[in-house]
Every structure is written in structure tokens, then in C-alpha cells.
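Enquirer: Listed below are the residues making up each chain.
There are 6 protein chains.
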Amino acid sequence: MDKFSFLHPGMKSHFSDRFVTRISDCLGWYKEGMSGDVGLIGLPASKSSITPSHSSGAPQTIRSCLNSYTTYSGERSKDYKDLRILDFGDVRIHPTNLDETISRLYISVKEMLEVRACERYVLLGGDHGVSYPAIRAFQDHYGTVGVIQWDAHHDVRNLEDGGRTNGTPFRSLVESGHLKGDHLVQVGIRDFSNAMKYHEFAKDHGIKVYTMGDVEQTGIVPIVKKEVERLSKITNIIYLSVDMDAADQAFAPGCPAIGPGGLTSRELLASVSEAAKHEKVKAMDIVEVDPAVDFRDMTSRLAAHVMVRFLFL
Amino acid sequence: MDKFSFLHPGMKSHFSDRFVTRISDCLGWYKEGMSGDVGLIGLPASKSSITPSHSSGAPQTIRSCLNSYTTYSGERSKDYKDLRILDFGDVRIHPTNLDETISRLYISVKEMLEVRACERYVLLGGDHGVSYPAIRAFQDHYGTVGVIQWDAHHDVRNLEDGGRTNGTPFRSLVESGHLKGDHLVQVGIRDFSNAMKYHEFAKDHGIKVYTMGDVEQTGIVPIVKKEVERLSKITNIIYLSVDMDAADQAFAPGCPAIGPGGLTSRELLASVSEAAKHEKVKAMDIVEVDPAVDFRDMTSRLAAHVMVRFLFL
Amino acid sequence: MDKFSFLHPGMKSHFSDRFVTRISDCLGWYKEGMSGDVGLIGLPASKSSITPSHSSGAPQTIRSCLNSYTTYSGERSKDYKDLRILDFGDVRIHPTNLDETISRLYISVKEMLEVRACERYVLLGGDHGVSYPAIRAFQDHYGTVGVIQWDAHHDVRNLEDGGRTNGTPFRSLVESGHLKGDHLVQVGIRDFSNAMKYHEFAKDHGIKVYTMGDVEQTGIVPIVKKEVERLSKITNIIYLSVDMDAADQAFAPGCPAIGPGGLTSRELLASVSEAAKHEKVKAMDIVEVDPAVDFRDMTSRLAAHVMVRFLFL
Amino acid sequence: MDKFSFLHPGMKSHFSDRFVTRISDCLGWYKEGMSGDVGLIGLPASKSSITPSHSSGAPQTIRSCLNSYTTYSGERSKDYKDLRILDFGDVRIHPTNLDETISRLYISVKEMLEVRACERYVLLGGDHGVSYPAIRAFQDHYGTVGVIQWDAHHDVRNLEDGGRTNGTPFRSLVESGHLKGDHLVQVGIRDFSNAMKYHEFAKDHGIKVYTMGDVEQTGIVPIVKKEVERLSKITNIIYLSVDMDAADQAFAPGCPAIGPGGLTSRELLASVSEAAKHEKVKAMDIVEVDPAVDFRDMTSRLAAHVMVRFLFL
Amino acid sequence: MDKFSFLHPGMKSHFSDRFVTRISDCLGWYKEGMSGDVGLIGLPASKSSITPSHSSGAPQTIRSCLNSYTTYSGERSKDYKDLRILDFGDVRIHPTNLDETISRLYISVKEMLEVRACERYVLLGGDHGVSYPAIRAFQDHYGTVGVIQWDAHHDVRNLEDGGRTNGTPFRSLVESGHLKGDHLVQVGIRDFSNAMKYHEFAKDHGIKVYTMGDVEQTGIVPIVKKEVERLSKITNIIYLSVDMDAADQAFAPGCPAIGPGGLTSRELLASVSEAAKHEKVKAMDIVEVDPAVDFRDMTSRLAAHVMVRFLFL
Amino acid sequence: MDKFSFLHPGMKSHFSDRFVTRISDCLGWYKEGMSGDVGLIGLPASKSSITPSHSSGAPQTIRSCLNSYTTYSGERSKDYKDLRILDFGDVRIHPTNLDETISRLYISVKEMLEVRACERYVLLGGDHGVSYPAIRAFQDHYGTVGVIQWDAHHDVRNLEDGGRTNGTPFRSLVESGHLKGDHLVQVGIRDFSNAMKYHEFAKDHGIKVYTMGDVEQTGIVPIVKKEVERLSKITNIIYLSVDMDAADQAFAPGCPAIGPGGLTSRELLASVSEAAKHEKVKAMDIVEVDPAVDFRDMTSRLAAHVMVRFLFL
Ligand SMILES: [Ca+2]
Ligand SMILES: [Ca+2]
Ligand SMILES: [Ca+2]
Ligand SMILES: [Ca+2]
Ligand SMILES: [Ca+2]
Ligand SMILES: [Ca+2]
Ligand SMILES: [Ca+2]
Ligand SMILES: [Ca+2]
Ligand SMILES: [Ca+2]
Ligand SMILES: [Ca+2]
Ligand SMILES: [Ca+2]
Ligand SMILES: [Ca+2]
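Chains as they are written, first to last, in the working numbering: chain D, 993 to 1305; chain S, 993 to 1305; chain P, 993 to 1305; chain E, 993 to 1305; chain C, 993 to 1305; chain X, 993 to 1305.
Keep in mind that the hints are not guaranteed to be accurate.
What the hints assert, rightly or not - PhoX-like cross-link-like pairs, simulated, lysine-lysine; straight-line CA separation at most 25 Å: (1) X:Lys1217 to X:Lys1269; (2) C:Lys1070 to P:Lys1200; (3) E:Lys995 to X:Lys1102; (4) X:Lys1195 to X:Lys1218; (5) S:Lys1070 to D:Lys1189; (6) E:Lys1189 to D:Lys1070.
Worth flagging that the hints you see were computed from the coordinates, not collected in a lab.
The following block holds chain D by itself, in its conformation from the complex (with noise of 0.2 Å):
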């Protein structure tokens, strides 16, 4: 048999420190048959984009920033380090025909919640045109939806004048009946970044809106607590909805639609580990981080960061 000294073909060759658990230590792809703690897939479809984004990099970028983190809370004194992450890959996007992109998003979606093989999900986008077809999934998979959503941005924008951007997909949800008015929460909406008619839209369908207003007076956790409890009794899952420009800019440099006056990264992953502890949170994803303008992978690092916090309860 060839013994290789220094040499393990197909490894990485990386410095590694025999008590160290790294998070990409828990993750493995999945194969028929598997069962694990947390499915991740990536969904790296940005064409949708209403500015220039290549957030179809995220995926691979964030993945690799969880190599990065380990798997031990010094807070809870607890080493997650058992937790099983399977992955299911990359959703193979279509070049030119959107509609078919958004289609093979839902179908491997579906597919992945079918084989039955974890209890909750991490979904990377792209962009938050995503997360139409994503939770789509989930409601025809799940039943009954909840949506907290951390987002500069209402995201309900009228479909004639661009079709299914990542501008739409909770208008679309809420007009297609997949997601009730009231079971969707938007926190970290941010003035003088949103219409009036988007503004009254969310009003009218009974979206439950907090502006950075209210996160600077009442502080964000608080807020997320209360919605997360009052969700809980009305859906049959909560899925958690992380447009990172969410973020300030100084925080999220990385986001197509950057900005001042967001949230730090404190408030994010904080407010982000009130959630993911309730019970009924089945499922989250990421969007809208580009790393081709990003600096030195910070906006992925803070999304594998959040991702962390989702993890790990």
C-alpha cells in the first residue's frame, strides 16, 4: 500500500490543531440515506437583481468562511462540536432563462426537505429573489409559515414593471397565499429606502413592520423575542429571512444595496440567536452578500457568523 508521509490526496493541507473542532469539521455532503442535524444548500441565483450583484458567489464564500469558526461557545461553556451538517450542494442555476432558475430553486428545495433527512435548514443565496421559491417549499412542505425578516427593504414591489426580481419575492408570497399578511415580520426597515405604496402594501396585508426607529428605542432583541413568541403560535414553522443589508455598511460592506444607518453586527447576531432558539425555527437563509465588492470576505464572515448562531441553540 502507498504510504504518503506529508501528502493526503484529496485533503486539505492545512495547519490543524488536534483540540480544535472547526464548523467545516461538522459539515459533510450528503449522501442517499444520511440523516443529520442541519441541511445546507446553496442557492446561488443573482441574475434577478435589480442593481449589479454577483451574491451567486455567496454559497462558496460563506462556506468557506466556516472554516474560520469553531465549534465552542465559551458563553454556554458547550462544544457543538456533533452537531451533523449535510450538504446538498449548489442548486445548478439556468444562464439565461430566469423563470427556469426560480423553478429549479423550488423543485430543489422540495427535493431536499423530501428526503426527510434533517430537522432544520440553512439555505445561501444569492439574492432575496431566492427566498420566494425557498419558502414556497417550505409552505407546501410544512404547512402554516412564519417569516421574520431582517431587511432594509420591504421587498414588495410591483411585478410589471421587472418581473420576479429580488425586489418581489414577499409580495409575491403574501399575493400567491403562501405567506399570510400577519405571519411575516420585517425588522431594520430603514427610511428614505422604501415607496410609500410598498409602505402601505405591507400595511394593508398586515405585515408586522419595525423600522431602525424602533430598534434604536427599543433595542432589536426584544422585538424579535416578542414577534418570534407571538408567530409561534399561529404558524406551523418559523423560517428566518436574512437580507444581509440589514447591517450598516461599516458592518456589511459587502451587500449590493449598501447603506449607513443599519444595524452593527452585534445587534444582528444577537438578535439573530434570540430567534434560532425558539423550538418552532426550522429554517434560515442568507441573501444578498457579493463578494466580488466585498472587503476581505467581512460580509461573508459576518453571514457564516450569523449562520453560526442559527446552528447551534
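Please build the complex by placing chains S, P, E, C and X with the ligands on the supplied structure of chain D, with the hints as guidance.
Expert: Chains S, P, E, C and X with the ligands only, in chain D's frame:
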């Protein structure tokens, strides 16, 4: 008649959503006889800067960032889409004669005020040197002017060592009598960023100085609120002068004189909002943004948002 | 009448030298009834790109680079300051429906040709996918078209795998009969950058292919000269299609598909000059410049210079 | 005698203002027999870093950032212009023998202490590996040393897996007996950034650990104040070891191991100020700044400001 | 059995064209018993570099750039899609013991050769220090080795001043007798980039030196052709050692020791092609690419193309 | 006596090889009474630039790039390690008075020449505006001066439109009679980069103009050789004025006015070498390098190499 289906020579071809009014939609070039709500002028001069600066490029970049903002405030449930901003363009500066440049800035602001087309004005620098001719023009037109200056620095350097640089505008104004010391308020002054002599000059002339320590202790909004109130009683109009380096380098990485320990974007925006809403506040300049060294126009975006908080009351 | 001394609302405030005519001074927006020498149109479409691309931003950047060039050729002791360029603006593209976008490009180029305002045309992409509708429009208007294509790639991929991407324009044109194989000349084709199948497609359809090896041996100018001569005898007009990735990555670092071993800037400019001077050459497109990944707009500057060589004969 | 009017060979030619004392003006090269207030030494070693790092470049960059700071504190109305900083230069490191480098660092710090020219010292890394020889030298010279470490990480990795890396300094110090466990305080430790084993090592050896959760709850200044007080009673001197990655990546984007959820610049500066003012605090190192990956020297500027807070009491 | 429609866990989800074979498609991880055409090994060591270098990252980046190249040469009308490249992975290096690292590199190359799976080999550095253990291993395995070295530098520095750095590999090889002086050819040596002493060392030991002046006069291809011919008669195998800094900084901006006046990309590629086609040429290393300081992986792309010219004959 | 083992306060701590002499080792600050081979002076003025420029930073950056070059020429088998370069430092410029700055530059160059410490001189700009006072000082000191100017531009703009900018130095010199038209040779002049009026000015005054077309046809070395020969017969000394934008943007990406179609690095270096070796060539300035926009100091490295070719004959 020619009819093009998808071409509109002379107009932007960007995606537009029928329900969204962008701030850039409120902007039009001033033409004789027009009147509007806010006058906008560019003061693209930065050759007087002590440290390297291309802040002369900021008027163009900040204007283009206005395209990222809408006219709607969700906090106030109010759409400002009818506000009319008249753009007077940029002052043509002289490439080698800096005194001539200062003179042109003064004359141009004066001429803009004299057509009395608007009630309120935004002036986009350029370096802080532009505030000297600008405030002088306002004083000549309106009489006694009060100034709130957001800045890490006093800007009251002596003129012997380098002439009228961007470190001297308030020295010049106070010494020439165009601005009384106690009509000037400085907020955000940082430790180890100024000289004792100039702090003493400020105290000796009755300039009201608030350091970052003061901001940390009492919050910036109460400081600004109190001082606007005070100034409103002793001056005809109040002029806000926002040196973007008052913000921490994490939030305004594109200022020539960046440094740590400054304001967050939320502190800056909230305090400008607070000031702007007083009816005596008639003008604001925004200075010291150098687009050439910025990251993704982050500092220009913040500057544009500062402008937004002044525009919409 | 208002008279501003140094303000000209709506006009650039840059330094100007009374004896210098910039190419941008020759440019004006097309208005009904106008006629000029060269028509300019922007085709800002890049969502059909296989690899990530924001070449949709190029029309704007290349236009602004025209400001760096004057109208004077010292080599020929000739000033072209009277050339009149009519700018038809940019085609408004659809954010999610790419077939609709192709259709709009075709219609817009067609409509531009139909007003017969100019004799010659420059079309600014966008990715290479724009050449399919553009050349189709020229063929419909002028009859038989010959094409000289500067490119590292054949661009004759199959359409089954991804639809009408930027890798397919010449496949589509040849198969649809809008362009005869031997009316197409490809210069600068690079080794290990194409598939055998597509080289065979080229040969089978009589496309004339010149590789970098050919360029190295005989020089690019003689190749282009000979082929323009040949095409001029068998076609009504000749259309130049310049994929900027024909240039070596050192000279055009901002193309999506950069690579080494390509043309120098001097080879590219000289060969375009050579081609443009033939009277049958009526149009040129310039494609595959992505300003978002460029260094100091270097690739847009080169593209603008390529355009200059076409403009001034 | 030669008299140049505007040339001063060997001196900087920057603009200077007669009333401004820059911190760099307080700095001079140490020469035999000199005495001063603070000794400065560069420890430009980063080849022991686990992840890629050129933090060896930091001593030079941080020194040059001192030029941006003045000696005046407005908060305290005090000018420190008479403080004398003696610069001992940078230790010459060995390019390939890392043990030799550690030995040179130890010897050099020791030799600096032995000339007894100053009362207090600043040491500029390099990576955190430099703290092992540095603190050892202080312990040999002063006897019992207490350490406050700002860091996201424990830095108590095992030495078997990679030798004496930048992840091991405090392990080495504690195990070798140069530092007692309860003489070490770690502030800013972050979740999912450390291994359980090492947290246990810390607890087992009595190291005092404060996480970001602790900072969020009680504020960082009270923590530091309490611990300096405690250490001052049981040690001869206190040494501050500031790993800049304790700061959030938004505030210190140039650290090799950046990440979200850390200290703000204001928290970092205030807590260092608090610590430094105790008379037993005699030394500070600043480590893990990599100028090669920073944005506009932002992290070096923050490091320089941290240094300023130690210098001026 | 699970059947996913658009998911393939463990496989890339990139767009693929059925007729395109990418070089990455020819690559597979070596497994025991396999045989192939070319063996590939990564030597990710750069801590021995004199100037700052993260060329340890190059094996990963160059491999990923292979994805940009196809297997087809139009110049030769030949498709190399059946070539089989066995990837032995990267040698695991030691973080702090550089002698141990050299030893691991030697052992690993040796072990790779001993499984006799391939006829020819590509070795990806790392800095030029890796050539010392690598060539030693080849000499031990094959007997007398001839070397053609593309480089701006002689790399025959003394070992006393810094140990076995990246400036010493050929000194070590010649002095240890593993490489006879006249079995070594250096091409591209640049003026004012080397010391007289080392030029003399080269001459004294019979090393064949060709400067950029020689390249300018006679062309690089004839030089390489002649020397391969000569070496082929006196050695068992020929090993190409390509230090990418032989190329001009415009073509290889990502080398640690960039400079002007070097080879163009076309000169480099043509000369490697010329050398590689001789049957005695069995191995090539590519060194001194630092992806951390490169522009758009330009230098890694060039390196990958150099590799391609060696792979396909 | 203090003895530090590895510390040398005031000296660089870089790795040094005992056999390597770096050019920086030949440099020392001028002190009264010294004499040497070449005098070096920095002219850090760029506020007169028409387009944005921080070329005032170039003297410092180019000096530090000298550290990358050795004193040995392999082409000539000659070591120049005994050459002595006296550095007169940088002229202190005025921040706001540009006429004063020009006056200081003139006086400083004059004063340097008057101490007669050296035979030959290198002057580092700054923008091209510095050549006006510099050449004037040489003319005053040496009598008739001939100038070879490498440049894409004529630099003979009118002075009415913007005063004494970097576009006017040769206009000023010719009109003031300090430089006769036929004593000025311009090489590398580019098409569409100049105005007809200024080309005519050149011709009318007998300036010898060589375009890039001339360079392409006959090679640049013969042109320079012939003109140096000619000038040497009709002038006392010859002064080389190297505007780095004569090089193509691929080779000199850090010039303010970059563009394609220029000289390669090898053409530039070879032609400067050719000129410098004539005994009448006594001075060279290098201008228009802006380190603030460069890539990895590539342009400063090229500038330093240009300087090297002048230094060593
Ligand atoms: Ca969204
Ligand atoms: Ca959003
Ligand atoms: Ca200021
Ligand atoms: Ca300021
Ligand atoms: Ca193409
Ligand atoms: Ca192409
Ligand atoms: Ca540490
Ligand atoms: Ca750390
Ligand atoms: Ca080498
Ligand atoms: Ca080398
Ligand atoms: Ca010039
Ligand atoms: Ca020039």
C-alpha cells in the same frame, strides 16, 4: 416624428419602478425664474487641503448617491416626493490661483442667494476651506449667522504658516467678524487631534466646544438640540457645517483625515435630523469626503444620507 | 436676466483649455431631424454572460473616457474637431426577461438605423451577446454584412446548454443565415481557450480564423488589411466586432474573461485603424469590458481609444 | 556655510504648523546615556503566525501613524508635549530560524530594560508570538508580572502541533511559570473562535476570562478597572497585551484573524485608557496588525491611538 | 433511490457546455494503483522568503485557474482531452520549523516519484526555496538532472546570512553536488537585481547565464531551444524551474519581487512551449506567485497557462 | 557602553546579505562640504496639476523603491557600488501659494547647483510643472541647455486659461527664452492626446517632435541616439525630462494621465540608457508618478529603474 421604443437620448436608462420616487427625481437644474424648496450647489475645491485630498470630486459622487435614496420616510409615514431641489451646478475653480478660487466660491454662493429661488440650501464641498467663503456669503445675505460644526477638529489654525487652508475656515470667520465666537458650536472634537493653542483660541473667543467625551456622556442629540435652541435666539439663521471626519473611520473611511473614536453613522444622522428640523436652520455644507480613497462610495453614501436628513423635515 | 459668474447649471465645471477640443465636445444627444457623422448607441446588457459580468456598466464608463481624448492626430497633422457624433442613448433593458432584452436591442438598433441620421455607427456593449441582435439589425437594413471579430474566442457555442449567452452570437448569426460563414473573420483566437467542436464548426462553415500564432508570425495589420479587402468585394458593409479580451490581460485587465498571451494595445489599435479606414466599414461594436473589476478604468480607456481609431479616418 | 532656503537634507519636508506638536515630535532614537519617559521597541516577527500574516510590517506603519496625532487632550485640557519617547528601533529577526528569532526578541527586550532609560514601555508586534519572549523579559527584570490581554482568542494552544506559534504565547508563559494563571486577565474572548480544551485550560489555571457577553452586559471599562485593581495588589508590574483582533472587523479590518461581534473603537480606547492610568501599568504590547491587508492603514491608526492612550496619562 | 433534479452534492454547480473539456476535467486525485500522464503536487511553503510572501497560497489558486483553460489547441488542431493528470495534493508544511518543512517537501516529492504513476510532473510552489528539495528528489530518483531556470535572479546567495531562503536554492544544489554548474541554465537574468559576487559564483561554476539583454538581441526561443538540446545530451532528465518574476511586472504583477524590464507573457509562454516539447523534459516547477497581492489572479492565470504549455505537447 | 545584540536604533532592521550592495546603500544625506557623483533632490509639488494628482508623494516612494535595486550590471559585468549619491532632501512647498512654490523650487535647485558638490543630478517630481523652475535653474547655472522629453504630451499649453499648470512647462521655457525650441526634443507624443494648436506651436518654434508612430517605425533608441548627438553639439549640457506617462498604462498604471498605445518598459529603459551615456547629459527629472493611485508601487519601481539607468554608466 421619430419614435424610439426603448431609447430615450439624454435620459438615464436605469430600471425604474413606477411607485418609487428617487431623490434624484426631485432634482433639476436651476433655470432663470425658477423657484424651489432647496438650492443645491457644488463647491469642488480641495487644493487648499493640508493633507492630500481630492475632495473636489465629492459634489459629483454625492449627487449620484442621491439616486440610492427614496423620498419616503416610514418613521414619519410621509412622502416628500413633491420637494423641489434646484441644482445650481458646480463653481468653476481656478487650477493654480487659490485666492481666486475662494473669491469665486464667495461670489457664486452670493449670486445663488441673490436670485432668491429657494428657502434653504445645501452646499457640497470640497474641503472645509469652502466654508469660509460660503458662510461669509450667507452672513452678507442674511445677517447674523449661527453655525453648528460637526468635526473632529477645531479648524482655527493660524494663517501665517500656510495661508487659507482647510484648517483655517473658522479662524478666518471669527477673526474677520463674520461669525461671533459664541455663535459657533463645535461637536465631536477629538482628543489628540488638535493643538492646545487652538483649543484656547476656541475658549478665548467663546466658541462652544463639545468633545467626543461629552457625546459619550450625554448623547449627541441633546447637545445639538440645546445648542440649536440657544443659537436660534441670537442669530438670524443657522448654518450646519458637517465635516464628515466627525464620524469614526469605520463609518466614513473616505475622509482625508480619518481616525478612530468618532461618531457612529446613527449618531451623525440622528443629530443632523434633530438640528435640521428647527425653522431657523437654512443651510448645510458637507465637506471633506474624498471619493478617490473611499470604499464603494461608502462615505459619499453617508454624506448623501446626511443631506437627506436636512432635505426632508 | 440671471448672470452667474462661475456657475453654469447643467454644464460640466471642469478646467477647459480654449485650444483643446475633447471628443466629448463632438458628442451631442440625438434629437429628431438631426444628422451627423457617427451614431452612438449603448447596449448595456450583460445578464446573458456565462461568467460573472457587469459589462452593462461599460457604455457609461467608455463614454466618460472619451473626455480624455482630443480630436487631433499629430501622425496625420489633422484635426477632426468638426466630426459630429450623435448619441442615441442606452437601450432600456429588462431586468429578468433576457429574450425581451435581445428583442429590445434589435428593435433599438433597427430604429436608430431607420432614422438615417448618420453614415457610420459605434455600438457599446454590454457583453458579446449584444452582437447577435445588433448585426441582425444591420443585415436587415443594409443587406449582406461582413464581420471582422477581434476575440480570443470563437463564440459559436451550442444553444441547448444555456440559451443565447455571450458565447453564442456568431453561432446564432451563422445558423440563422444572417451572416454567411465566409463573411466572418476571427482574429486573435487563443489556444486552450476554445473547444475542438467549435473550431470545427468554424472551419465547416467557412469562417476565416486567425490565431495568436498567425498574429505572431505575420503581424496583425496585414491580416486585417487582406481580409477587409476580401470582404469588401463580397458584402455590402463591413462591421467590426471588438471583444476586448482579444487583448492580453496586461493591457485589458477589466474583461470578464482575461488571460495572457493576447494582443498588445498597440497591435489592437493599429489593426482597428487599418480596418476602419476602408469605406465599406460602417459599424463597430466594442464589448466585454466590465468596469466593476477594472483597474483605473484602464480597459475602458483602451476601448475608448479603439473607438477613436474608428471615428477619425 | 551652506544655507539652503527650503531644503533640510535628512528632515521631513511636510507642512508644519507652529502651534502643533505631533507625537512623532516627541520621538527620538535612543542613544547611550539618554533617559526618557517611554521606551519604544519594534518586534517585527510574524513568521510564527498560523494564518497568513505580514504583521512584521506593523512597527513601521504604526510609527508613521503617530504623525497623525497631536499631544493635546481637550478632555483633560492638558498638553503632553514634553513627554519623551525613546525609540530603540526594531529587533533584527532571522529569516528562517524562528527559535533564533524568539531568542533575539527576548534578549533585545531584556537589553532595553537593562539600560533603565525609561519607566514605561511600548512594544509593537509583530504577531502575538512576540508576547512570549517580551513578557518573559519583563518578568526576569521586574519580578511578578500581571497581564491584561485584549483578545478574541485565549492563545493557549498546545505546542506539539505546530511549535511556538502566535496561538501559544500564554500557554508557554503559564506552563513555564513566568506568568501565574490568576495573574492573567483575558478580555473580549469571542464565541465560536476558541476550542473547549483551551477554555478549560484557562479555567484550570485560574486565568480570568471575560467574554464579549460580559462586555455587553457590564461594559468593558468596569471590568478592566476591577481587574487592574486586583492585579495591582498581587504583582509587581502590570503589562497590557493588546491583540487588535479584539476589535470588531469593522473597526480593525487589517488584523489577520478578523471577525464580527467584537469591540468598537470607543470601547477599546476607553478601556485601555482606564487601565493605563494605574501606576503599576508599565508596559503595553500591540500585536496582530497586518498593514499589507488593511484599508488605508485604518487598523494601524487605531493601534497608534491605543498607544497614545497608554502614553499620555 | 434519491433523485435530485438540479442538485449534485459534492460536485461543482457551474455552467457546463457539453463540447468543452476544461483542464480541470482532466484532473483527479491520485489513489493507490492509479497511473496517468502527469503528476501534480503542491509545495505550499513560503516562510523562507526574504521579502514578504504568501506564495504558499499559489497551488490552490493556480489549480482553480486551470478551470479557465480548455484542452484544445487550435494552432495544432489537436484536442488533449484524454490527458490524465493525477493530483497528489499539497504537502503539509510545518508552521514554525522551516528545516522540517524542507525535509517534508523532499520526502513527499520522492514518495510521489516512487509510486511511478506518471511520466512527467508539475510542482507548484510556494517560493523558489522549494526547488532545492524538489530537484534533489528528482536527482535521487532519475540520476543526472539538467535545469532550465526562468528567473530575474541567480538565486545563489550565501547561506550564512539567512539560512536556506528562497534566494539560495541553486547555491545549495550546486554546492551539494546535486546539480552540476553547467547543467544549470538561467534565462531572463536582470540588471541591477543581482550582486556581482553571485554572478561570479555562476560563472565560476559554469552556470549558463542569459540576461534580458541576450533575450532582446536573439529572442528567447532560440536560446531555450539550443540549451535544451545541449542539456539533453549530458543529463538524464531536464527539469524546468519557472520563477514567475522573470516576467515583467506588467504581465506578472503578483510576484513578491516584481520589477520592470522583464519578459512579456508571449515570450514566456513561447519559450516554455519550446522547452517542454523535448522528450527529456520530465518536470516543471512554477514558483513565486503570491495570490494575496495579485490583481484578479492575473499572475496565477499566467502560471496556469505556463503549466498548460508543459502539459500538452 | 551600551551594547545591543540585535537592535540598532536609527537603522533599518531589514535582512541584509553581505555581498549585496543596494542602491540605497550608495545614498547619504548631503552635508556641508561633501562631494559626490550624483545629487538627488525631491520636488514634491503637484497642486498645479490639471487632473487630480498626488504626485507630490513620488519622491518618497521612488526613493524607497531604490532599495529593490542593486548596484551590479551583469550585462556590463560591472559593479557600481562606489557611486556616491548625495541626497539634498525635498523642497518644502507652500500649501496654498503656488507661485511661491515655483519660486522655492527654482531657488532650491539653484542653491543645490551652487554648492557644486556633484557632476550630475536627479530631480524627482512632483508633476511636470516642476521642470519649468528646474530647467530654468540649470540654464542659469550651466548656460545653454538641451532637453530630451519623454512624454505623451507636448506640455506647451497657453497660460491664460489656468496659469502655470503641469501642462505648460515647456511653453514657459521656450517663451521666456530659457530654452530654444530646437534645443527641445519630444519623444513618444501620442495621437488624440494633444491639441492642433500646440502641435503647431511646437513646429513653429522648431521643437523636434517624435510620435509613437515614429517610435513604432524606427525604434526609439536610434531616435534618442541621433538627437543626443545633435544637441550635444549646440548646447552646454543636456537635461532629460521623463514624464512617466510616455509609457503605456500597462507598464505605468500610476500616472495621473494614463492611456494605451505608449512605450513598453523595455523601450523606455533602453532609450534612457542610450541617452544617459553621453557625457553632456548632466541631469534628469522624473515626473508624473502618483503613488496614491498606483498598483503595488509599480510605476515608482519603473521610475526608480529609469533613475538607475541614469546613475550607472
Ligand atoms: Ca431584501
Ligand atoms: Ca435589502
Ligand atoms: Ca474641518
Ligand atoms: Ca476635520
Ligand atoms: Ca466574444
Ligand atoms: Ca472573448
Ligand atoms: Ca492573540
Ligand atoms: Ca486574537
Ligand atoms: Ca528565483
Ligand atoms: Ca526571482
Ligand atoms: Ca508632461
Ligand atoms: Ca504627459
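Enquirer: Hint by hint, note whether the structure agrees.
Expert: Results for each hint:
Taking the CA atoms of Lys1217 (chain X) and Lys1269 (chain X), the gap is near 10 Å; set against the 25 Å cutoff, the hint holds. With a C-alpha separation of about 18 Å, the suggested pairing of Lys1070 (chain C) with Lys1200 (chain P) holds against the 25 Å cut-off. As the CA atoms of Lys995 (chain E) and Lys1102 (chain X) are separated by approximately 12 Å, the hinted pair is consistent with the 25 Å bound. Under the criterion of a C-alpha separation no larger than 25 Å, the hint pairing Lys1195 (chain X) with Lys1218 (chain X) is consistent with the structure, at around 19 Å.
A threshold of 25 Å between alpha carbons decides the hint, and for Lys1070 (chain S) with Lys1189 (chain D) the separation of about 11 Å falls inside it, so the pair holds. Proximity of Lys1189 (chain E) to Lys1070 (chain D) is assessed by CA-CA distance (about 11 Å); at most 25 Å being required, the pair is judged to hold.
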